[in-house]
Amino acid sequence: MQAVSDERLIQWVADGDASCLGTLFERHHRGVYQYCLQLTRSPAVSEDLVQDVFLRLLQKASSFRGDGSCKAWIFNIARNVTFDYLRRAERRTVSDEDADENAELLVDHRSTEQVAAGEQNLTLVTRALAEIPAAAREVIWLGRFVFEDYDDLARALGCTASAARVRMHRAMQQLNATFTRMNGVPIDV
Amino acid sequence: MSDQRKSGVPFESDDASERQLWNELENLPQEAPSPRLRRRFYDELEHADRRLHRRRRWLGWITAPALAAAVGCLFVGVVVGLALRSAPAASHAEVAQLQQQVAMLNRNLVLDRLENGSASKRLAGVMEASVLAEHDPEVRRALLERAVDDRVHSVRSAAIDAIGPRVGSPAVGEELMASLEKAESPLVQLALADLVLRYGNPMQMEQLLRLSERGALHPDVAKHIKTSLSGNPV
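Protein sequences, first through last, are from chains A and B. Quick note: the first sequence uses the numbering used here, first residue 1, plus one each step. Quick note: the second sequence uses the numbering used here, first residue 1001, plus one each step.
None of these hints come from the bench; they were simulated from the model. You may find that some hints are simply not true.
Unchecked claim - In silico DSS-like cross-links for lysine-lysine, where the CA-CA straight-line distance does not exceed 30 Å:
(1) Lys1182(B) with Lys1226(B)
(2) Lys1182(B) with Lys1121(B)
(3) Lys1182(B) with Lys60(A)
(4) Lys1121(B) with Lys60(A)
(5) Lys1182(B) with Lys1223(B)
What the hints assert, rightly or not - Chain A is faced by these chain B residues, among others (derived, beta-carbon under 8 Å):
(6) Ser1013
(7) Leu1021
(8) Leu1028
(9) Glu1031
(10) Pro1035
(11) Phe1041
(12) Cys1073
(13) Val1076
(14) Gln1101
(15) Ala1103
(16) Ser1185
(17) Tyr1199
Said to hold, decoys possible - Computed footprint of chain B on chain A; a stretch qualifies when at least three of its residues, placed anywhere within it, have a C-beta under 8 Å from a C-beta of chain B:
(18) 41-47
(19) 135-149
We put the CB at the ideal spot given by N, CA and C, even for glycine.
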């Protein structure tokens, strides 16, 4: 339980106390970073995006309406910022190649460590997750690691709770199919 | 802390292998950002906070008082006009002083517009700043910041159009290179490098190449510069 809720903090930011943004940053920057990293696959770009997200909160604090959790609102902003970046990156010559290179580095780095530890399933899950489309990857990541109910997940994704359920269902099917294709057989149950 | 690992939303599928995958996800390693991110964020927060206060101070000035100032300027203009008509040789110094004050007010308004929260006001600021940028370092810096960093594409494009043709001039070129050396973000470095690549003179291209070879830039940006210049040798 936090002494001061996120919702109260963002209200104070809206009232002009920018220092409260520091507390929100400390609470959420790792989660936002990991989410951006899942989508961009570049640590340097993800750090830039995290910075952009939190500074955007400073400008948008007064537009938080309080009809959902502040955390879902923050991740919705993170989503907009990240997809804006991905759209812009598509138009740049350098970014796609770099993202792919970074993805390779991420996957290779993990494989070496994890295979050494005998964690082949985990290696394959990591690879399968990297291979499925970004839209499926983001819903799995947010649903598995960030939110604990579908209402918040839906707010972060900008859709209804039932649409979030459907998207999660399809994303897990895609992950399962990709894992099975890579492994030759489904995961051991 | 909210950053701690959560159990996730309820898993609702009946498929056993999907459930097993869901459980396996729990063990995925999660990368942590570098400590540099925290330092950069707090620096930027302090900077943004200062900007916000300055803007508030200006807004306090600009709403009703701005109207009063505009009327005041008009009134002073009329008075000076009448005075000049009655005593033409006497008040050249006063006119010069008045012109200077109006120019200063205009410059501050332009700087304020360039940092306005509204994209259309920033766009108007860019148009006005393009005239002042040649001789005013602060306006030049603010315009460069819009060209590189503005989140709205049309503002960024207008700022690039405004400052781009001046990149070849020594004052703007030096400012650009200094910003490039100081920029930590690869995205900002890339935008600045693109400005030089698009509008710079051969000397600036050479300077850019040296900078990238010296390792002063992000490796991806250095690679982009080398690739671009290899098709267009210095």
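Status of the hints after comparison with the structure:
1. For a cut-off of 30 Å, the pair hint linking lysine 1182(B) to lysine 1226(B) stands: about 20 Å separates their Cα positions.
2. At most 30 Å may separate the alpha-carbon atoms for a hinted pair to count; lysine 1182(B) and lysine 1121(B) meet this at roughly 28 Å.
3. Restraint check: the Cα-Cα separation between lysine 1182(B) and lysine 60(A) comes to about 28 Å, which is no more than 30 Å; the hinted pair holds.
4. With a C-alpha separation of about 17 Å, the suggested pairing of lysine 1121(B) with lysine 60(A) holds against the 30 Å cut-off.
5. Taking the CA atoms of lysine 1182(B) and lysine 1223(B), the gap is near 18 Å; set against the 30 Å cutoff, the hint holds.
6. For serine 1013(B), the interface hint holds, since its Cβ comes within 8 Å of a Cβ in chain A; the closest pair sits about 6 Å apart.
7. With a least beta-carbon distance of about 6 Å to chain A, the hint placing leucine 1021(B) at the interface is held under the 8 Å criterion.
8. Annotation: interface hint on leucine 1028(B) holds; nearest CB of chain A at approximately 6 Å, less than 8 Å.
9. Checking glutamate 1031(B) against chain A by beta carbon gives a least distance of about 6 Å; that is within 8 Å, so the hint holds.
10. Interface hint at proline 1035(B): violated, since its Cβ lies 11 Å from the closest Cβ of chain A, which is beyond the 8 Å cut-off.
11. This hint holds: phenylalanine 1041(B) has a C-beta 6 Å from the nearest C-beta of chain A, less than the 8 Å allowed.
12. With a least beta-carbon distance of about 31 Å to chain A, the hint placing cysteine 1073(B) at the interface is violated under the 8 Å criterion.
13. Violation of the interface hint for valine 1076(B) is found here, the shortest Cβ-Cβ separation to chain A being roughly 35 Å, above the 8 Å cut-off.
14. Because the beta carbon of glutamine 1101(B) sits about 31 Å from the nearest beta carbon in chain A, more than 8 Å, this interface hint is broken.
15. Restraint check, alanine 1103(B) versus chain A: the minimum CB separation of about 30 Å is more than 8 Å; hint violated.
16. Restraint check, serine 1185(B) versus chain A: the minimum CB separation of about 5 Å is within 8 Å; hint holds.
17. A cut of 8 Å between beta carbons decides the hint on tyrosine 1199(B): the least distance to chain A is about 18 Å, and the hint is violated.
18. Coverage of the segment 41-47 of chain A by chain B holds. Counting CB-CB distances below 8 Å, 5 residues qualify, and the rule asks for three or more.
19. Counting residues of the segment 135-149 of chain A whose beta-carbon sits less than 8 Å from any beta-carbon of chain B gives 8, enough to reach three: the coverage restraint holds.
Checked against the numbered hints above, the structure violates hints 10, 12, 13, 14, 15, 17; every other hint is satisfied.
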